[in-house]
Structure formats: structure tokens, C-alpha cells
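Residue strings, one per chain:
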Amino acid sequence: MFYREAGDFKTSYRLDSQTFPIKFDRLRFYAVLAIAYGVIPFFVNDYWASAVLVPFLIYSIAAIGLNVLVGYAGQVSLGTGGFMAVGAYAVYKLMTAFPEVSVFIHVLLAGGITAVVGVLFGLPSLRIKGFYLAVATLAAQFFLVWLFNKVPWFYNYSASGQINAPDRTVFGVFVTGAQTSATAKYLFCLVMLTIVALIARNLTRGTIGRKWMAIRDMDIAAEIIGVNPLTTKISAFAVSSFFVGIAGALFFAVYLGAAEVGEAFGIQKSFLILFMVIIGGLGSIFGSFAGAAFLVLLPVLLKNVLVGTLGWPTDLAAHIELMIVGALIVIFLIAEPHGLAQLWRVAKEKLRLWPFPH
Amino acid sequence: MNDMTDGYMTADGRKIGGVVMELKNITLKFGGVTAISDISFDIREGEIRAIIGPNGAGKSSMLNVISGFYIPTEGEVWYRGARRPQMRPYKVAQMGIARTFQNIALFDGMSVLDNIMTGRLTKMKKGLFAQAGWWFTGAAKEEDEHRAKVEKIIDFLEIQNIRKTPVGRLPYGLKKRVELARALAAEPSILLLDEPMAGMNVEEKEDMCRFILDVNDEFGTTTVLIEHDMGVVMDLSDRVVVMDYGRKIGDGPPDEVRNNQDVIDAYLGVAHD
Amino acid sequence: ELVVPNLSYRTGPYAANGIPYADGFADYMTLLNERDGGIGGEKVVVPECETAYNTEKGVECYEATKSDGALVYNPLSTGITYQLIPKVTADHHVLYTPGYGRTSAANGKVFEWVFNYPANYWDGASIIVKYLAEKAGGSLSGKKIALVYHNSAYGKEPIRTLEELAKKEGYELELLPVDHPGQEQKSQWLQIRRNKPDYVIMYGWGVMNQVAIQEAVNIKYPMENFVGIWWSGSENDVAPAGDKANGYTTISFHGTGADYPVYDDMKKFVIDAGKGAGAGDQVGTMLYSRGMYAAMIISEAIRTAQTMHGAAAVSPEQVRDGFENLNLTEERLTELGLPGFAQPITATCADHGGPGSGMLFSWDAAGKKWNAASDWIQSDGELIDALVAEDSAAFAAETNTAERCN
Amino acid sequence: MPDQLLFALEVTANGLMAGVMYSLVALGFVLIFKASGIFNYSQGVLALFAALTLVGIQEGQVPFAHLINAVTGLHVTEFGWKVPALLAILLTALVMVGLAIIIEKLVLKHLVNQEPIILFMATIGMAYFLEGFGDVMWGADIKTLDVGLPQGINETLESVTDKALGYGFFVDNLDIVATVVAVMLVTALTLFSQYSKQGRALRAVADDHQAALSVGISLRFIWVLVWSIAGFVALVAGIMWGSKSGVQFSLSLIALKALPVLMLGGFTSIPGAIVGGLIIGVGEKLFEFFAGPLIGGATENWFAYVLALVFLVFRPQGLFGEKIIERV
Amino acid sequence: MLDATPQDQTEALLEVNNIEVIYNHVILVLKGVSLQVPKGGITALLGGNGAGKTTTLKAVSNLLKSERGEVTKGNIVYRGERVQDMSPADLVRKGVIQVMEGRHCFEHLTVEDNLLTGAYTRTDGRAEIARDLEMVYNYFPRLKERRKSQAGYTSGGEQQMVAMGRALMSRPETILLDEPSMGLAPQLVEQIFEIVKAVNEGEGVTFLLAEQNTNVALRYAHYGYIMESGRIVMDGPAAALRENPDVKEFYLGMSDEGRKSFRDVRSYRRRKRWLA
Ligand SMILES: Nc1ncnc2c1ncn2[C@@H]1O[C@H](COP(=O)(O)OP(=O)(O)OP(=O)(O)O)[C@@H](O)[C@H]1O
Ligand SMILES: Nc1ncnc2c1ncn2[C@@H]1O[C@H](COP(=O)(O)OP(=O)(O)OP(=O)(O)O)[C@@H](O)[C@H]1O
Ligand SMILES: [Mg+2]
Ligand SMILES: [Mg+2]
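Chains as they are written, first to last, in my numbering: chain A, 8 to 365; chain B, 1350 to 1622; chain C, 626 to 1031; chain D, 11 to 338; chain E, 996 to 1271.
No lab work stands behind these hints: they were computed from the structure.
All of these numbers come straight from a predicted model, not from anything done at the bench.
Check the hints yourself; a few may be wrong.
Stated by the list, open to error - Here are the simulated distance ranges between beta carbons: (1) F1568(B) - V108(A): 54 to 64 Å; (2) P106(A) - D693(C): 35 to 45 Å; (3) I111(D) - D661(C): 46 to 56 Å; (4) T103(A) - T197(D): 56 to 66 Å; (5) P969(C) - G45(A): 54 to 64 Å; (6) L1023(E) - T1422(B): 33 to 43 Å; (7) I202(A) - T197(D): 52 to 62 Å; (8) E1507(B) - G1120(E): 50 to 60 Å; (9) A975(C) - L19(D): 54 to 64 Å; (10) D32(A) - E1507(B): 22 to 32 Å.
Even glycine gets a Cβ: it sits at the ideal position worked out from N, Cα and C.
Hey, can you work out the whole structure from these sequences and the hints?
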């Protein structure tokens, strides 16, 4: 009943193109923000922060980044893990080289460095398309991991090649290192995510977003109506890698605290984030959140149910968890190939028509 | 270019200007297939120029040559008195040439509004960083300005009610109309239309004709039109090029073409009235 | 209740190795519960948490179990160990990483909460070199040794030690990295075939071990000159190569086989009672023994803590004391039904690294068992202590940790 | 001949053989891609599953023993019989056909006419599922696969080359077997796809699901057919790789070695899978041989991809792939 | 010329009874459409853009499922048998084949291979198929010239011919034709309809065709239905429809004074919308 556009008149194009044109949606969005900033920080504990919230926030950033590339610009990439590694190693080098500069800046710079690397690996996309490109991006994945593993400069010549995040603060509060409180980790990542989501939303709603989508939907037609494929694809790679780099930096510095490139940023990571994007919904910022939440929460939930509640042996539970996750992915795709975001849109459309079925 | 200045008057009193584009001895080959062989014709400022010919004659290929997507094997394209160097299609679009496609090439993942907005991409100037700032950097303002122009076109083409619909869901005919809207949004100086009225019934064709004529009238947009409906071609166009298997077999005002025996044999079958 | 989480991996790329280890660990704890009613009368609870050898899941497991009063963590993954070192230091839990993890944690002055006795990767390298020197008739000078290693933090650990030793012993070292997972090693083994090193040392894990041994067989490399670190020496690794793997040698810091007296009880109280952790087919294997070894050390440390503090339900801090004051003697091992199973350990505040000794076993393909190929061998303490001191000092500087035990 | 050249020759020979092993995996990908436009990520897991099943049947393992034991408290592990290798292979092939039918029924049928990336994603879901399923069914411990294939250095070749060149070449018997099998498979599959009515239907389906439906091609039949063949190819790959390194989870990762092969040869070309495999095999081995020592080794993983990438820049559809149609 | 045999005299081969179609679970497109296709007749389905012609045809040929559409009400009966739940392939075997709107050729296959896929369900031997191939080439000589080129690289009209030819290759009993004239040169439009007529008369093939080109369609069809926004608003024998003043004005573009020039339709004009 209250979920209606009717009566909610828009008097300017600005209002008409806002993110949440329906009042109820808008209110709910503010409520979510208020809870995220005003309520959760007071209740978050180590377990929730480390096992659920922080990974969720960081993966959301990565998923938004990849969604820009895959969902908006249509360039399938399997190099996300490698680009996250660039972010992680960049932030590590920056943190150890310039300890007096705020990590906040470091994280953003790490994103910038990743963007440059992303552009480099994005160049072949001009010639190579579709799955060929997807497989080609694996070259970036494997090469970057090899590089960080092989060149000791990247890990400051430490004996084992592991990198450890030193203790760093923002406004005098620890956000990396062992002394960081759950709240600080959570808030730091949340702020980053908010920034990233805003930028992503702004980019995708305007000119550049339309160029990306045009290239995605039909690249030849796009070029004929005046879209420069080179700059468009490259900008998508840059923006995407920027976000992914930030995610990688946070992943290492705030979440894990120590990392080894092959393990933390291996090919599995690339796939995981691609799942998030697809399950969440290609070309949807909300979908990136939904996908990240789904794939972070589901395994934790399943594990707790199967092992905690049902008391099954852990290995059996883990195998069955794999089966369930796999089956759910398939079921979701069958139910709605365009992801959770589309499911949500259809639900909203139904809601709008409610109580009539069509 | 010799005759930039002189033009002619049409029957209904419109003034047609000088030559804006001239195709000189265009030949286009794909491996063994010769899609176009040695064709020359010109397009004048403000006229509606039709290209007709049987299926596979090379009409669409000719449009592709004009819009830079196909590079002719031989021949030159002259634009506004200068030889146009070989350039990427997006550069051509930036020069003010917009088009529609025979096999609809809309961006299926976007709404009608966004599709039409893509028509204005060549005109929007804010860069990446400005976009990221949105409210603070004037990107929002630019967007609104262009949106206003696009809304005019939406009104003009009477597609207000489907503004927010994803184009994938539209029926064929409406898609064609949206494509026209997208091309118009670019405010082109030359508009290339590849069978804009295929798959429409008479009523809808009449609408389309009205739009094309109005655009031509109001903005003086030069239009190149490929169409199989002879009624439409004869009524609308000022001059007609007839192609047959890559060759040009006729060029002139509709009445003249209609009575050309070659054209009748190759294309019309029976003389149309 | 004494909570000792078992961060195991029975799935993922290294499941085949994780399973026996986790079984051995759990079975030994079950044995204590079933036979003795726990440790010092207090039941041991071993909540198992699956990590799939994945660092993020490892962190999740740690966070999920730490609030339950967990005493000791033993994640069997170098990656997870690195993650947990800062965490346990902040949260005060003991991290016990026998034979893996961060080598310089042997320095108790810097790493208050981490223990890795009885031996670490660098000890392993040193012991192998000693063994090979003995085999070569006393000196390795002029010999060629190839190191085939897992191209990861773990695999790279021995390089520094082996390089230092090369200077000392006068052998030539050739490095052959193998990328995860290591199914294709043709290049590496062709190189070995061509360069004919006198000995090959392997630091591998998972499928890499099997493939390496198979390839060694294929190029007819003499198996007895091929020595693996303890993570490259399980039944799983030699099985695919069948009879040809006979003679392959591995180092271990504990005994193996099901002949120890403790297995009588184990069979009675655990396996036959249907309380075994896994399918029961792993009992007595190398990795099973290693899991059991870890469980045994942890339980002994807890026991020490209980006697020191006179309480049955000890706290993590007290368990740390137990680890620091562990005095595992031959007699005690015999009492436990494990005579000669391990070397004695006398830990101190500064020494979290133990004696650093190990022994070598060679594979008897016909009998399908590991036969001792040497006695306990002591590592080159001088050299390794220096390396440990260097690395831990770097860590201390990086994290502003003050030295303790002074 | 100088030593260096001899070694390079030996490396090349082994690279060719390794390439064939990659091709075996790549073939499965090509088949499915060709027939449905699906990039089947689960091909590697399929190989693992096939190998697990083969060993399980051979050894008389009770399927789902672990689950049964956990749920019922029983303690079953084996039936106590052994099945001869050939029969076991046959039975496994049947299981793979069954699997193909199930996959079609439960997954593909519902995803007709979807975008390629969605289908790709679905196969990833399937990969997850099968991985868990295989483990639940047969256990995650490492298994030895032995169907009696010869292994180890080929003595004849060694002694012949030793006599002729003064240096005995190393070539693995298993690789030789793999080569023979691969050549047979490729020939058979090429003939099938080029010259049979079903072959044409396969390609039609790959181009346009809806149009294929509209002319009466039964997607269900085509898909079951092609997934069965791919399952069989997976079984072959599983046998070869399993004999080499044991059967366990990592076997599924061989898919990653097949991807550059695919890319280079072209996703739609069966002979491309072989040629691509050979080029990748030789390329990566030679690079590791010459450049590896200079830059620290372990280059094979990325080199294959970079090599393929360089090829693609010049031929975006791979060496033998169908030209990507660009028209408006 | 071909004026209608009254509807009730011949048996209805295909009956669509009051069907409702929903896309994506929310978009209601057909709101109760019923029609009957008599055996051996040519039935035309006319209507503006988005009226639901394509949807109706797809509902019949069961291709809706692959577009996430479904028939939620009503039923479709072919030769007295409910065919809604059949797979499209089975339907083709039963003799119903659809030529889809927008060509849908197999891009990577050659023109000839495209035609041969049409014969996929046939079992009457290579010779017969080769004969039919010749027949199709006779109908469309242009295709013979281009037989070896990939369909993706042929012109729009050529693709339309391929699609038609492909359907003919299956020797169907009923052909559902979706906008066969679209994008074809005038000569060819006539020719296509002549082919339809020839096939219809010579081989007794039944046609249901959706068409925008009302003029031609009503000249060749026996019976016509006019659709508007998901409903049938008018039906009748083709001859009758041709004479209907509304149809004349809105579908044939003729007013009392005869055909009007497209140039003259300059300003807003009255639209006819049927209330249904
Ligand atoms: N896949 C789809 N998803 C959602 N809506 C659809 C889909 N396909 C068609 N529609 C809607 O169904 C309605 C009828 O479309 P249909 O294509 O059947 O019309 P049509 O009569 O064939 O029109 P045209 O003559 O333009 O081809 C249209 O309003 C269209 O928006
Ligand atoms: N990229 C290409 N490669 C090969 N052949 C091509 C290509 N583009 C066009 N052709 C061929 O060139 C000829 C002319 O095609 P074109 O599309 O220009 O025809 P058209 O006049 O537009 O016909 P229609 O009216 O059917 O659209 C056709 O025979 C077509 O097959
Ligand atoms: Mg054309
Ligand atoms: Mg239609």
C-alpha cells in the first residue's frame, strides 16, 4: 500500500533520477545507514567483526569493483585476486616506507597503484573479447602472484615471504595490527565501503556508466554511435582495479593482518568475487552487497548449523556445505539468472502492484 | 568541391543546399564477395536521400562505409569539401553522423531513457573525476541539461510511457522508434536510417514518416534512408540511389527512378504508383 | 573442561594430509578422556573446526572458538599461523606449531605465546644436510644438492639455511621451485636428470610430493639420495609410486608405526569402541603419529601447568607456563606408552624451539612401512640460533615488542 | 651435437608430451563449448569425479560410506570385492552418462537461452557441488589409481637415442600412451563433429538456442550426448592424470592448465585443443629451461597464459577458433 | 482470389483457447487470446507493434519458456491434443515449425548448413533432403550464390530467406510465420507470399502468419485476426476484413479518397483503439 510511486510526484529530473525514487525505499536506506553507523559499532564483537562483518564489507568493495568491470562494462575478469594482491602489497610497502602518513591515504594510494596495474592488464581487452578475455586475465592473476612471491623487495626481504601489517592508526585509533578493536576495524572498512559505493553509484548513473553499458551490450554499435572503446574499456579497468585494490589493501591490512600472496590472493579469490557479482546481480551496486553477504554469510551459517547444531563431523559438514553452496548457486541462477538484485526488483514490482498479481 | 553553394528547390518548396558528402568510386570487397563496386553519389544539405535495391545489394554496407565501420577497398569519402581520412567509427560519430541499424542495435541492458541518453554521449564533456563527484562537480547539472533535451525527443516521438522500461522488453516496432530517438539525440547533421520502418504497419509507418519529415523540416537534418516500402520512399525522398548487386543502376528524383526500366527489372518488379 | 580446538582440514587441496593428522590429534585426546578421564581429572574438549587450509576460514575458526576458553591452537598451516601470531599475542592464547609455522618463534624472548618445539624447518634442513654428509662419507664438499620446494612461504623457509650451510660444507645448491599444486614437474625433474645432483632435498606438501616421487622414479633417480622434510614423508606420498618408491627417505621428529604400547589402549578405548575420529584406517601412519605427537605435547604441557598452579581447570596463561616449563623425559614417554617416540624436551622461557633434533626414515615399499634410517640427529644449533635471533629481532623491531626472560 | 641442444631437444619432446596431457583436459572444454556455447568450468572436477568413481568401483568401496556411518553409526567401508580395470572403466563411463542426464535435467534444461556468463556461472556451481559430492561419495583421502598403464622412462627410446646421439632421451611411457589415446580421441571427435548430422546440430545449438529449438533440435538430447562425451573425455583425462599423481582434490586443478591451451587453440576447435596443447607444452617447458634459472623459476603457471595472451592479441579467436562475427 | 472457406466447415487443426501469457512472472502480455487455424488454410494474425503477435506464436510453438514467459491460463490444442507441455522439438516432429521474427540464423554455420539443420528431424533419407534443398534454392536463387558463406555475414534480407528456407526444409504440416516480409524487397515480398501460397496449395501446408504488412497479408490469407494490446479485437474472412472501413483506414492506409501520401500525414491524427 505504502509501496507506491503514485502520489510521489517528481518535479525535477534530478529527483526523477535519484537512487531510490520510492519514498519507502529511501527511508529504508537511511535506516540501514543509521544502523550501520549508529548501532552496530556498539555491539560488534571480535567474532562478528572478524568472521562476518569485516569480510563482508571488504568483499563488498571488491565485488563493487568487479561489478564495474564485469557487470557494467561487460569485460569478464578472473584476475581479481591478482589485483587485490597489488593493493595489499602496495599498502604494505607504503605503510612500511612512510609510517608517519595516515593509512587512510595509504589505502587510497594502494587503490591508485592497482588502477595503474589494472590499466596495463586491461589493454588486451581491446582485441580480446568474452571468455577469451576472461581466460587472458588469468595471465594477470598468475603473473602477479608469481611476481610478489619471487621478488623479495615486495615483502621487504622477510625470511618466509610473508607480509605482516604493522600497527597503524587513524585519528589515534588503531585500525591495523593486533591491538585493533573490532569496532575500529568495522568502522574503518564501513567508511571505505561507503565512499566506494557512492563513487560507484555516481559513475554508473552518468555518462561514463552509460558508455560502459553501451560497450557491454553491443560494442560495435557503441563505437558507431560515438563511444571510444579504448578509453571506455580502460577507464572501466582503472576504476574497477581502484576499488579492487582498496579491497585488497583492507583485506591484508585490516582483516588478515598477515598474508602470503599465493594463499590469500590466489585464483580462488578471483572466482569467489566473480560468484558474488553474478549471484548478486551483474550491473547492480545493490547486487554486489547482496552477493557478498550471501557468500560470506552462507558458509558461516551452514557450518554453524551442520557442525554446531547437528553435530556432524566437520569434514562431512564441509563437503555438504560445498554441495549446498553449489546447489544454491545453480538454484538461484535458475530462479533468476540476473541475480539477487533482479529477484529483489521483481519482488518490488510485485509489491508495487500489490494486492493485484499483475 | 565545386558546388557547395548551389542547390535546388523541391516540389514542396524546400531549399536543398550544396553537397555535404560525396562518395567517390567506392568499392568494397569481403574476400571473394564484392558488396559494392565502384559506386559514386552525393548527398546534399537538407535533403532526404533514399537508397533502395534488392536484398544483398549492398545498401547497409554503404551506410557502414559512411559511418566508418567498413573501410572501402577502394574509393574516397568526401565530407564538407574535404577528403575524409580513414577514421574509427566513433570519430565519425563525433563529426555529427548518427544512424540507426537494420538489425536493431539497442543496448538491451539499459532503459529506454538511458539508451537515448547514450545518443548524447558525444556532447557530454564531464570527465571521470567530475562524474565521481556528481553533485559537487557539476556532473549532475550537466546530466540534467542533457536530460531535458532528451525529454524533448521523447515527447516528440511519443514514447513517454516507456521511458523507464528496459528496451529488451519492447516490441520490435517500438525498439525501432527508440533507436531513432537515440540517433536524434545526437543532434546529427547527417542522419542515416537503415530500414527504420521494417516490421511496422501502415499506421506506425505514417508516424515514423511524420517524425522523419519533422526532423528534416525543423532542424534541416540531412537524412539518408534505406527502405523497402516503395510508398514511403517515393513520398519522402528527394533523390533516390538504386543499387543492384553492388552496382548503381539509377540515381535521381523518385519519379525518374520509378520509371527507369533497369530499376523496374531489378527491383520493383512492377511499376509502382 | 579443557578446551583444545582442533583447527583441521579434511577438505580442500591438502585434505589427504590433513585427515590423518587430525585423526591422530583427536584420537589421542579421546584416549585421555576415555582411559584417564581427561588430564588431571579434567575432561578435554576438542571442538573441531574445518579450515580447508584456508587462512580466512582459519581466522573464522579462531574467532569462533576463542571465546569458549580455548587454551591452545594448532592449525597445521603456516599461513594460518602467521595470521594467528598477532591475534594470540593480543588475546593470550598459546599457539603450538610443531615443525611448521614461523621458525623464529623458537625465540621465547620475542614470541611469548608461540611454541614450535621440538624442531623447525631450519633444523630440518640442517639435520638433512648432516645426514647426507654422513652418507657421503663425512663431507659434502664438491657435491651438488638440489632443493625441490613448494613455491610458497613454507617452501622457501630452508633456502637461507641451506645457503649458509653450503658455505660451511662446500656443496653446491640448486633451487627448483614448484608452483602450487605441483602436478606438472617435468621441467624440474628433467633438470635434475641432466644436472645429476648427488642429493635432492624436498620441501613439498600435498600432491606435489606424490608427483615428485613419481617423477624421481621415472627418471630413475636413486631413491635413497632423495630426502624429504617431514611434510614430504607420509604414506600418501610414496603410495602412488608403488614399489619403486622403496628407499625414499624422510625426516621426522617423532617415531611412527603402530607398534608403541600406547596403541594397545588406543585400540581398546578408542578405535574398537567406535570413538575414533576418522575412518580408523590411518592409525599408526606418519601423519597420524604427528597429530598424536602434537596432542601428546599439548596434554603434557597442560599437565605441567596443572601441577605448577595446582589447579585442574587451567587458564591459557597457566598453560603458557606449562609449555615454558615442559620437561619431557624418556621416562615420561615410556610411561605414556611411547618409548623412544620422541626426543626429550626441556623448555624454558627463552627456548620455545626445543632440541631441534630429528631422525630419518626410509620407505620400505614391500613392508609398506617406514624404517628408521638413522638415530636422532641434532641440528647445527649455532648456525640456526643465529638465524633465529636475527629474524626474531626483526620481528621485535617491527612490532615494538620488548624482550622478555631477562 | 652440443649438450645444450640435446637438452633442449629433450625438453621439447617432453613439452610435447606434457602438452598432450593438457589437451586431454582441454578437449572436454572444447566439446561442451562447441555444442552449447557453455564454458564448462566443472570439466576439471568432472575429471576428478570420474577418477574417484573409477577407483571407488575398482576397489569395491561403499559409496557414501562416511555419510552412512555418520548418520547410522554403522561402520561400512568396502564391499570386499575388486573389479577388473576394464569393467570398472566401463561402469564409470556409464556413471558419467548418468551424470550427464542428471545435469541436463536439473540444470541445463532450465537455463536455455541464457547469456553465456550465466551458464558459465552455473557450471561453477556444479563444480562446487560435484566436488563436495565426490568427496561425500568416495572420501577425500588420496587414492592410487592403477589400471595397468605403463609408467616410467621408455627404455627403448633411451637406448636408441643414446646410441645415436650419445645422450639417452627421457620420455615417459605414460605420456606416450596419453599421446596415442589423445590422437585417437581427436580423430574420432573431429570426424563426429564435422561429418555427422548431430555434429551440425551441435554447432547450431551453440549459435542460438532458440533457433535450434525452433527447427526441432532437441536441446536435451544434444546436451546429454555432448556431456556424456565430455564425461568420457574427463574420464580419460582423469585416468591419465590420476595414474600420474594419485586421485585427490588437486586433480580438479588441472583445469587451470587446460585453459591457456583452450585459449590458444580456440574454444571451438577440436584439433586446436591438440595443437594448442603442444605449443603451450613446448613453450612453457622451453621457457622454464632457458629463462627459468635467470628469473627464479616456477614460471610455468603464468607463462602458459602469457604465451596464449600474446597469440590472442594477433588472433582474437585463437589459432583455429571460429572467427568472431562482427556486424551491425 | 483466395477467399475464405467459412471457418466452421473445415476442422480446426490448431486451437488456441483463451490463453494468458505472463513474462518474468509479472508482465501480463496476452489477456485471453483465442483463435483457430483450419487445416490447409492461411490464417493471418495482424496488429500493431506490441500487440502480442509474436508472443502468441511463441506460445504455440512452446518457445516462450526460453524467454521466461509462461502460459498461465487457457490451453493450446493441436490436432485435438494438448501441446502446451511438449518440448519444441516434439512439436516440430509433429509437424509444427516456427520461423522466428528477427531471422535467428545460425551465424557461424554456412547458408547451406543452416538450411540442412532444418531437416534435422527428417528421416526420409539424403536424397529427399537434397531434393528439397534444390527446391529451396529454386525459390531463393540468391541463397544458392551465397551457399558457402557464413550466415552471419549475409545481408538482412538474405537471412530472412535462410530462415524461411530452413523451415521449408523440415517438410512441416504447419508453419508459424512471424513477419516473413520484414526487410524484404517488394519483389521478394510478393515472391515469398507466392511461395506461401504455392506451398499451401501444392502441399497442403497450413500457415499461421503474423504480419505487419496487412495489405499483402490480407490478399493471401483466408482468414484474419486482428490483435490489439494482448487481445483479439476483430476477426473474419480476409475479404471481409479488407472491406472493413476501420481496417482500411488504420491498417491499409486507405481512406475514402484512396491511398494517402506519407508526406501528408503531418499532424496529429485520430487513432482507432478498440475497447476490449
Ligand atoms: N521477453 C519479454 N519480457 C517481457 N516482456 C516482453 C517480452 N517479450 C515481449 N514482451 C512484451 O510483450 C508485448 C507483446 O510483444 P510481442 O513481441 O508479442 O508483440 P508483437 O505483436 O509481435 O509486436 P511487433 O509487431 O512489434 O513484433 C510487448 O508489450 C512487449 O513489451
Ligand atoms: N562483413 C561482411 N563479410 C562478408 N560479406 C558481407 C559482409 N557484410 C556484407 N556482406 C555481403 O555483402 C552483400 C551486401 O550486404 P548488405 O548488408 O549491404 O545488403 P543490403 O543491401 O543491406 O541488403 P538487405 O536489404 O537485405 O539488408 C551481402 O551479400 C552480404 O552477404
Ligand atoms: Mg541491409
Ligand atoms: Mg513480433
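Consistency of the hints with the structure:
1. Distance hint for F1568(B) and V108(A): a CB-CB separation of about 56 Å, consistent with the stated range 54 to 64 Å.
2. In this structure, P106(A) and D693(C) meet the distance hint of 35 to 45 Å, their C-beta atoms being roughly 37 Å apart.
3. In this structure the supplied range 46 to 56 Å holds for I111(D) paired with D661(C), their Cβ-Cβ distance being about 55 Å.
4. Under the hint 56 to 66 Å, the C-beta atoms of T103(A) and T197(D), about 58 Å apart, fit the expected range.
5. Restraint check, P969(C) to G45(A): a C-beta distance of roughly 59 Å satisfies the suggested window 54 to 64 Å.
6. Checked against the given bound of 33 to 43 Å, the beta carbons of L1023(E) and T1422(B), roughly 52 Å apart, lie outside it.
7. Take I202(A) and T197(D): their Cβ atoms lie about 58 Å apart, and the range 52 to 62 Å holds.
8. The supplied range of 50 to 60 Å is met by E1507(B) and G1120(E), whose beta-carbon atoms lie about 55 Å from each other.
9. Range check, A975(C) to L19(D): about 57 Å between beta-carbon atoms, so the 54 to 64 Å window is met.
10. Under the hint 22 to 32 Å, the C-beta atoms of D32(A) and E1507(B), about 30 Å apart, fit the expected range.
This entry does not satisfy hint 6, going by the numbered hints stated previously; all others are met.
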